[in-house]
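*Asks:* Residue strings, one per chain:
There are 2 protein chains.
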Amino acid sequence: MENIKIIIASDSIGETAELVARACVSQFNPKECKHEFLRYPYIESFENIDEVIQVAHDKNAIIVYTLVKPEIKTYMQQKIKEYNLQSIDIMGPLMNLLNESYDENPYNQPGRVHRLDDAYFKKIDAIEFAVKYDDGKDPKGLPKADIVLIGVSRTSKTPLSQYLAHKSYKVMNVPIVPEVTPPENLFEIDPSKCIALRISEEKLNRIRKQRLKQLGLGDSARYANEARIKEEISYFEDIVERIGCPVIDVSDKAIEETANDVIHLIEQQAK
Amino acid sequence: MENIKIIIASDSIGETAELVARACVSQFNPKECKHEFLRYPYIESFENIDEVIQVAHDKNAIIVYTLVKPEIKTYMQQKIKEYNLQSIDIMGPLMNLLNESYDENPYNQPGRVHRLDDAYFKKIDAIEFAVKYDDGKDPKGLPKADIVLIGVSRTSKTPLSQYLAHKSYKVMNVPIVPEVTPPENLFEIDPSKCIALRISEEKLNRIRKQRLKQLGLGDSARYANEARIKEEISYFEDIVERIGCPVIDVSDKAIEETANDVIHLIEQQAK
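Taken in order, these protein sequences are the chains called A and B.
Our numbering applies: residue 1011 is where the first sequence begins, and numbers increase by one.
Our numbering applies: residue 1011 is where the second sequence begins, and numbers increase by one.
Calculated from the structure, these hints are not laboratory results.
Honestly, I wouldn't trust all of these hints.
It does not matter which identical chain is used: a pair holds within one copy or between any two.
Said to hold, decoys possible - Straight-line Cα separation of at most 30 Å, DSS-like style, residue types lysine-lysine; simulated pairs:
1. K1069 - K1150
2. K1154 - K1069
3. K1203 - K1281
4. K1089 - K1142
5. K1240 - K1069
6. K1044 - K1132
7. K1015 - K1213
With these hints in hand, go ahead and build the complete structure from the sequences.
*Replies:* In structure tokens, the structure reads:
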């Protein structure tokens, strides 16, 4: 069995290179194809490069890199050639195309994607908003939110809100439970910014049983009871009809996929 | 002034391709070098490819793609060649290297990086944990947390906790305010899992004045008052000394950069 070593080298933190590497290794059976990431962030000197090259040479590692400073990048490429190493330049090919298309030269400054600009602070505000207005805690968030998510318990409302917040949307989520009357202004907001998360009975049953097991409780508790689940889902459908909002089925989706659907719906309705 | 169109085409949601594209365009002056992303997620048929090719041809767009199904990818590459279009294959080069290194063939299934496996549920739990234990709300989270962040108000504790949660760390954050005695068990946890976020007086003053302006309040309020800031920072330093935990200066860092430092510290201490 092979254990491939992958060096993530970057003059910033290296998350772009790591995401590409993760997407690629996820295509291989993890039982047969082992991998190990070795992270080298903040590469800023020839000495840093020398260290990476040494490790790649010793461990027969693939170097996956994002480097924007020309002298650092050129040195890396020379050394890779000199030692005949395997490597992938993540940003280089697209940077070359953009360089041909734009008249202006690039900044060649590491970490510009993380700079503290308006977009950054908008994202930070969105993350704080989603934490503050999680779980319908304060109905005052409803008119301020870009997106309002509703759903029964265990439909991933909280992580989905956070994922959308990282894309700079202000998201509030409101749990739908038969015993709790939803805030009155949920029925007053623009229904096109409200998205209902639907889940199948079978799936909900499975998730909740799993949850009870995690919590060390038996699976006969009311929370995972089939009649109870039917009651909750039927109450949820009533609320959805009253609001008149679009619905996304989340039964077999990862939050990244549901988030993509939510953004698509919201952007379409905004047109 | 050029406005470059970049098509993000993927047989999954396309976030890997978009992150690479964002990192690249952020290297150009946004005032002079405009860009526009056109997203085509869930590419699964030749018809979907034909649509992308048509748009790329009509709008002179660069196609940045992540495609793992061989027949879909081959068709895309044929069409790109046929129409003489500009394109970047994000995963292809590394997939080729991995194919050479591993004996097994890849799955070639789109979206595997988002599959609902143990790692996925660990991440979801971490995100929910960070929301639940945000702002020191419940000291019971302290022994359960992988990382405990402490800091005065406006040191980005909440978004930083969320960012680390997306990397599957269970994070609790505790605000340090002179008027509020921190929970007693903050001094009982392993100090190596606690990280103090330090910020300079000048920076804190600037952030808080900005914050007050946003909230529509004057900047003379107690919150941004210099004597008050000195008092808060001095109290913070006392607490840090009592706990004996490592400190990270966050004054000029984006949360992604601070998160990288936190993970580095935590991983080092775990060794």
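*Asks:* Check the structure against each numbered hint from earlier and tell me which ones fail, lowest number first.
*Replies:* 1, 2, 4, 5 and 7
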